[in-house]
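Student: Turn these sequences into a full structure, and let the hints steer you where they fit.
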Amino acid sequence: MLLVVLGAGATRGASFVNEKPGICLPPLDSDFFTQLQRINSKVYNDIINDIITDMVELFGHNFRVTMEDAFSTIENTLRIVETTHKEGLLSTKRLLSMRKNLVSSVAAVLRESLIDHTNNSEMKPCIYHNELIRCLQHHDVIISLNYDCLVDEALKRNGYDKWYSRYGYCLPLPKGRNSKLQGEENWNHTNATNPSQKDNTILLFKLHGSMHFRSDDGKIIQLSPEPYPEKKIDQIMIIPPVPNKRFDEGVFGLLWKKAANEIYKATDILIIGYSFPQTDIHASSLFRVCLKKESLCRITIVNPDHEARKRTRSIFQRGFTKSTRVLVFDTFEEFHHALEHGTWAYNYPIV
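This note's numbering puts the last residue of the sequence shown at 371; the count rises by one with no breaks.
These are calculated hints, taken from the structure and not from any lab test.
Here a beta-carbon is modelled for each residue, glycine too, at the ideal position from N, C-alpha and C.
Possibly wrong hints are sitting among the right ones.
To be verified - Across the chosen pairs, the derived CB separations fall in these ranges: (1) GLY196 x SER141: 28 to 36 angstroms; (2) LYS106 x MET21: 48 to 56 angstroms; (3) GLU314 x ASP136: 44 to 52 angstroms; (4) ILE147 x LEU347: 18 to 26 angstroms; (5) THR210 x LYS106: 50 to 58 angstroms; (6) ASN82 x THR112: 24 to 32 angstroms; (7) ARG154 x LYS239: 28 to 36 angstroms; (8) ASN65 x MET21: 45 to 53 angstroms; (9) GLN202 x HIS81: 38 to 46 angstroms.
As the list claims (entries may be wrong) - Derived DMTMM-like pairs: lysine to aspartate or glutamate, alpha-carbon spacing no greater than 25 angstroms straight-line: (10) LYS120 x ASP66; (11) LYS200 x GLU246; (12) LYS265 x ASP254; (13) LYS312 x ASP219.
Tutor: Have a look at this one:
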């Protein structure tokens with residue numbers, strides 16, 4: 021079984037990304053606020069102004085922080101205030117407003133960088149994601165650590181006979197026979213065949229949540245047709261990029277448990293644009309613990325960072341045998357060419 025792991029680098033490496041100065045690009049943690057301030061759409065002026073005001077209040081003028089720094093500072097300050105019942109300079113209400121502003125700013129950057137505003141606000145198609153989905157089979161698994169819906173869109177465009185959102189997301193369904201995931205029709209191919217087949221779909225685990233996950237009660241998630249809202253919204257279900265992620269609670273606890281079972285089955289692993297950063301020890305631990313010993317026939321790492329490659333090999337060391345093949349590519353484009361020309365074959369022999 022092929023397991024694909026996607027990080028922010030997979031979105032940043034999409035085929036449509038243009039490196040011209042001044043253009044808002046799919047963000048990385050380190051340059052999130054740079055991309056935020058490249059947004060041209062005036063509809064987000066209030067959101068941008070609010071979050072910049074928040075960051076100045078937290079970090080001072082000329083701040084240099086990552087998205088994780090911002091989320092972590094807000095979350096930890098909020099927890100201290102809730103624990104000590106001492107609000108100091110920042111009230112609980114103000115901190116909650118900052119968190120809402122930050123989530124809204126993430127939606128704004130993703131909309132600006134991933135939506136084609138010249139084509140009826142359609143999502144930009146990525147050649148590399150589309151080709152990857154076309155080569156996958158029903159039993160394959162994707163684990164995405166991203167909030168964006170680029171891979172979801174690729175599944176919708178190219179997974180008409182092997183992707184069914186009702187079961188593919190592995191989200192809890194309302195009770196009752198033939199129960200549906202609310203909004204599932206928005207994320208299936210228009211010609212999807214037999215979407216009721218539970219065991220006939222690619223699985224997509226969005227372990228940190230997604231911009232199109234909405235929930236009124238935190239238990240049942242609906243799939244919004246609009247993943248990147250133009251206004252502030254409270255119901256987006258994501259796990260903020262903070263050191264103490266609450267990944268084991270509610271719906272996310274269920275997703276991580278199911279993902280663990282799929283990791284154990286994997287014999288061929290493809291990692292695109294995810295570096296297993298030291299600050300995301302939860303994801304690293306998930307793979308270290310759940311990977312079956314000496315199970316890997318092949319691991320493919322798509323990442324230009326040599327230290328990240330070394331760290332990735334260390335995390336997956338448990339699954340290596342003397343015959344495990346390790347392949348490395350610098351970019352998603354480079355991997356795509358290998359896939360297109362047959363030098364990276366999907367049907368790698370399992371021995």
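Student: Next, verify each hint and record whether it holds.
Tutor: How the hints compare with the structure:
1. GLY196 x SER141: 28 to 36 angstroms: About 35 angstroms separates the Cβ atoms of GLY196 and SER141, which means 28 to 36 angstroms holds.
2. LYS106 x MET21: 48 to 56 angstroms: holds (51 angstroms)
3. GLU314 x ASP136: 44 to 52 angstroms: holds (46 angstroms)
4. ILE147 x LEU347: 18 to 26 angstroms: holds (21 angstroms)
5. THR210 x LYS106: 50 to 58 angstroms: Holds - the Cβ-Cβ distance for THR210 and LYS106, about 55 angstroms, lies within 50 to 58 angstroms.
6. ASN82 x THR112: 24 to 32 angstroms: Hint holds: Cβ distance 28 angstroms, inside 24 to 32 angstroms.
7. ARG154 x LYS239: 28 to 36 angstroms: Holds: the Cβ-Cβ distance is about 35 angstroms, inside 28 to 36 angstroms.
8. ASN65 x MET21: 45 to 53 angstroms: Cβ of ASN65 to Cβ of MET21: about 47 angstroms, so the range 45 to 53 angstroms holds.
9. GLN202 x HIS81: 38 to 46 angstroms: holds (44 angstroms)
10. LYS120 x ASP66: holds (13 angstroms)
11. LYS200 x GLU246: holds (19 angstroms)
12. LYS265 x ASP254: Roughly 19 angstroms between the alpha carbons, so the hint for LYS265 and ASP254 holds.
13. LYS312 x ASP219: holds (22 angstroms)
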